[in-house]
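Protein sequences appear in the order of chains L and W. Going by our numbering, the first residue of the first sequence is number 75, and it counts up by one from there. Going by our numbering, the first residue of the second sequence is number 15, and it counts up by one from there.
The hints are simulated quantities; they were obtained by calculation from the structure and are not laboratory data. Just so we're clear, the structure is a prediction, and the values are computed from it rather than from any experiment. Warning: the hint list may mix true and false statements.
Claimed, not checked - Facing chain W, from chain L, some residues (calculated, C-beta under 7 Å):
| # | residue |
| --- | --- |
| 1 | L88 |
| 2 | L89 |
| 3 | I91 |
| 4 | Q96 |
| 5 | Q118 |
| 6 | S187 |
To be verified - Taking lysine to any residue pairs in the SDA-like style, the calculated list, with each CA pair at most 25 Å apart, reads:
| # | chain 1 | residue 1 | chain 2 | residue 2 |
| --- | --- | --- | --- | --- |
| 7 | L | K77 | W | Y291 |
| 8 | L | K77 | W | I126 |
| 9 | L | K77 | W | W181 |
Quick reminder that beta carbons are idealized off the backbone N, C-alpha and C, glycines included.
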Amino acid sequence: MNKPIRTVGVFCMLLFIALLAQSTNLQFFRSGELNDRPENRRVQEARFSAERGSILAGDTEIALSVPVDDRYLYQRQYPVAAQYAHMTGWFYFGGASGLERAENRVLSGDDPSLFVNQLSDLLANRNPAGSNVGLTIDPDVQQVAYDQLAAQGDEVQGAVVALEPSTGRILASVSLPTYDPNQLALRDVTQVQENYQALYDDEANPLTNRAVATTLPPGSTFKLVTAAAYLEDHPDVDANTQVPGGSSYELPGTSTSIANGGRSCGETTVSLSQAMEQSCNTTFLQLAVEEGQEGMTEVADAFGFNADPAEDYPGTAASAYPENASDDLLAKSGIGQQDVRATPLQMAMVAATIANDGVLMEPYLIDRITSPDGETITRHEPEERAEVVSSRTAGILQELMVNTVEQGTARQARIDGVEVGGKTGTAENCDGCRPYAWFVSYGERDGQQVAVAVMLQNVSPNVSISGGGLGGPIAKAVMEQALGVGE
Amino acid sequence: MSQVTSASPDQFVHRSRRGAELFLLLLALGVGAGAYAAVGLGIEGEVPPDMIGYTGWLAVLMIAAHVAIRMTAQYADPILLPVVAALNGLGLAVIHRLDLANNSNFARQQLIWMTLGVVLFILTITLLRDHRVLQRYTYTSGLLAIGLLLLPMMPLIGNEVRGARIWINVAGFSFQPGEIAKLLLVITFAGYLVLHRDALALAGRRLLFVDLPRGRDLGPILGMWLVSLGILVFQRDLGSSLMFFGMFLVLLYVATERPGWLVVGGGLFVAGAFLGYQAFSHVRNRFEIWLSPFDYVDRTPGSGQLVESMFGMAWGGLIGRGFGEGQPWRIPFAESDFIVGAIGEELGLTGVMAVILLFAIIVERGLRTALVCRDGFGKLVATGLATIVALQVFVVVGGVTTLIPLTGLTTPFLSYGGSSLVANWVLVGLLLRISDQARRPLPGVEEPYGTYDSGADEATQVVKVVKP
Chain L
75 MNKPIRTVGV
85 FCMLLFIALL
95 AQSTNLQFFR
105 SGELNDRPEN
115 RRVQEARFSA
125 ERGSILAGDT
135 EIALSVPVDD
145 RYLYQRQYPV
155 AAQYAHMTGW
165 FYFGGASGLE
175 RAENRVLSGD
185 DPSLFVNQLS
195 DLLANRNPAG
205 SNVGLTIDPD
215 VQQVAYDQLA
225 AQGDEVQGAV
235 VALEPSTGRI
245 LASVSLPTYD
255 PNQLALRDVT
265 QVQENYQALY
275 DDEANPLTNR
285 AVATTLPPGS
295 TFKLVTAAAY
305 LEDHPDVDAN
315 TQVPGGSSYE
325 LPGTSTSIAN
335 GGRSCGETTV
345 SLSQAMEQSC
355 NTTFLQLAVE
365 EGQEGMTEVA
375 DAFGFNADPA
385 EDYPGTAASA
395 YPENASDDLL
405 AKSGIGQQDV
415 RATPLQMAMV
425 AATIANDGVL
435 MEPYLIDRIT
445 SPDGETITRH
455 EPEERAEVVS
465 SRTAGILQEL
475 MVNTVEQGTA
485 RQARIDGVEV
495 GGKTGTAENC
505 DGCRPYAWFV
515 SYGERDGQQV
525 AVAVMLQNVS
535 PNVSISGGGL
545 GGPIAKAVME
555 QALGVGE
Chain W
15 MSQVTSASPD
25 QFVHRSRRGA
35 ELFLLLLALG
45 VGAGAYAAVG
55 LGIEGEVPPD
65 MIGYTGWLAV
75 LMIAAHVAIR
85 MTAQYADPIL
95 LPVVAALNGL
105 GLAVIHRLDL
115 ANNSNFARQQ
125 LIWMTLGVVL
135 FILTITLLRD
145 HRVLQRYTYT
155 SGLLAIGLLL
165 LPMMPLIGNE
175 VRGARIWINV
185 AGFSFQPGEI
195 AKLLLVITFA
205 GYLVLHRDAL
215 ALAGRRLLFV
225 DLPRGRDLGP
235 ILGMWLVSLG
245 ILVFQRDLGS
255 SLMFFGMFLV
265 LLYVATERPG
275 WLVVGGGLFV
285 AGAFLGYQAF
295 SHVRNRFEIW
305 LSPFDYVDRT
315 PGSGQLVESM
325 FGMAWGGLIG
335 RGFGEGQPWR
345 IPFAESDFIV
355 GAIGEELGLT
365 GVMAVILLFA
375 IIVERGLRTA
385 LVCRDGFGKL
395 VATGLATIVA
405 LQVFVVVGGV
415 TTLIPLTGLT
425 TPFLSYGGSS
435 LVANWVLVGL
445 LLRISDQARR
455 PLPGVEEPYG
465 TYDSGADEAT
475 QVVKVVKP
């Protein structure tokens, strides 16, 4: 009877292996999914009671857990609420948003990468504490960007994004109007729901992160992309080369003409430098048509259009460059109108690529994860995303942007002793709407660089909207802070 | 562990290994006492005040069992008792932990049951000096098993708990007779099959690839098996039905050495499962919960329990929350059917794997005993007991981890429940008795280490060795 008994042994072994495999499946592979289920009150309650890690900008704690004397032990606080609300989001009993949600595993200490910490907590019989998330944000730059934007009045709707071109670090990301996440992290869930509903119903959309989630036609700032596409295909062209210009241009296949708003763009041709300085519509309408759909799409996509930027930044929207446009629409896309849509982050990426000699670095928000006692567990290394244009093209684009600041529409951004390049944009989204302003720029001083994009969707009605007039000073102040001018 | 002697080159001589058993028992005591202390530290921040008394009592029970083995079953398997003691100690600590959360008092009762279990264990190996005696009670134990299984159907004493009518209440004690019946059924099946195995294997007609035995050979045992299965089905005890079915099939296969029985049995199981699904709403219900547990979170208590257990295990992750740091009280009846869920939450995958492997060791030692046993009856009983443990663990842990539909059974030695604990201690007693017989050197074989005085051991000399 021994042979069948051995077979029974093998059979029993298979049964036990199946049990081991299934519990591994449940407790390792599926644990994340099960822990995140909304029905899972156990995890919610424990997480709400646990000491979460902090979110840091530099050394500034922008989200932290403070001990309180009730059954949930800790309360989440946002000390610099207004500036960082759109990044941190909030954490309350029913859930979380923003980084609180996206980095929940790390902040709550559940992430598998924190295994060693969990083990030492367990052995030391400590309550497991979450790890900290350190952002790339420079709190001083963020502060200047916020103050500058807020100074535009109570009704301002806009955003500022600053990037470090050589790494892709996001140095500042401000969106107005903002809100107070502390009011959404209260103990009283009913109160939280009321507060949330009020913010949700607000017509100014304070919950929207305009820095990364709002896409609008980038207007004239997109001319940088059009110029990049043209320069890439024309190695003999430089800043002084004559390109098509003229006082007005009739869109192909239509009877609609677009003019230059009174700026000087030559009889039939104009130098590329002047076309950029004066933001000549007629030039870039024609260059887009000459480049064609394929050439334009290729370069726009390389700059980051039609793809999600900044994976670790929650809530980012993809910018869009249209496909299969007819020639008249293709022409309008060359000046950032029609179906072109960009976020301030995307336009900052354009400026950063040009400043970084044509190489686009992957933008990122999370710099490092640190243990509760401050040791670095993981650090984000900069990654190259694409070589968008040649360094020759980038050099010419830099020259064009610098000239635009020196003697063109972007004069408000000039900083003594700093190489500053800029491009303005003013666009209308619809008839009768207030226009909105863009300003895209970069600054370089002693080898240190920063790229800044400013978008003003709405300001106080008694201020006239213009990219240079409004966006220029904001970008200038942000660049000065980032480059340490005047210190 | 075993040595080949020159006197009998084909005969292994096992050492008694009682010292190893004692050492492992100390480790097992460490598990039980350590877990108890950890519960106190985790929940109340201090070692429980009755720590010394509790540990002392566990030690007394283990030493008593160990001494009984030394005196009556010198050659018994040295691994089984420590493994069982470790599981029982861990179970007590988990139940104690749930008591503190639920304000219940199950652990104290479980300790009393454990004491009774150890007493019965000692009685089993002391009174039953030769397991072959049990073969005489083949039919008696069969009738007794059926009787026990019928008890819960009686008015007055029968008691329905959570839809399953498998309990009896006598004088304030509630008891699950099915747990005792499983031991009796193993003895019945083994006793019958060992007598009729030749007839079952050889006589009969061939029908479609399968040699069917004669009715008069298979009939009685098949009838008995169907009766017990029928009772369980009507009591809605699906887990036990599955366990008995599997055990019967395995014994039939081992006795006849014909894999065809497994095919036939597998076919019958599929047919039975299909019929059950069609005929019984509770079977259908269990099946649907298994397929999509989250659809039934609020509607069905059974599913809420399963979902809470899954959440607990997921939250426990690899290393668990630590004793007292989880919320296993969220799982209804965590101390009985779902104790593995509670272990998964607080001790993590590590704890669950350790528990599964301990059960695997019990099964492995049981089957090893069956392999080295020299008589057919002993082989079948040991196989049957090991299979029962394997199937029971598979059904309950598989159910809790959603590997298979949940059917509801106790986890041997871990779950709260007197009948289960006592029956399983007796089961281990039987296995140890058979292993003592199996590992004892044959008369005339020299004991190589001189620790064993062959002339003085009466039992060795009176046993007539039946060649298998």
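May I ask which of the numbered hints given earlier this structure violates, with the numbers listed in increasing order? 1, 3, 5, 6, 7, 8 and 9
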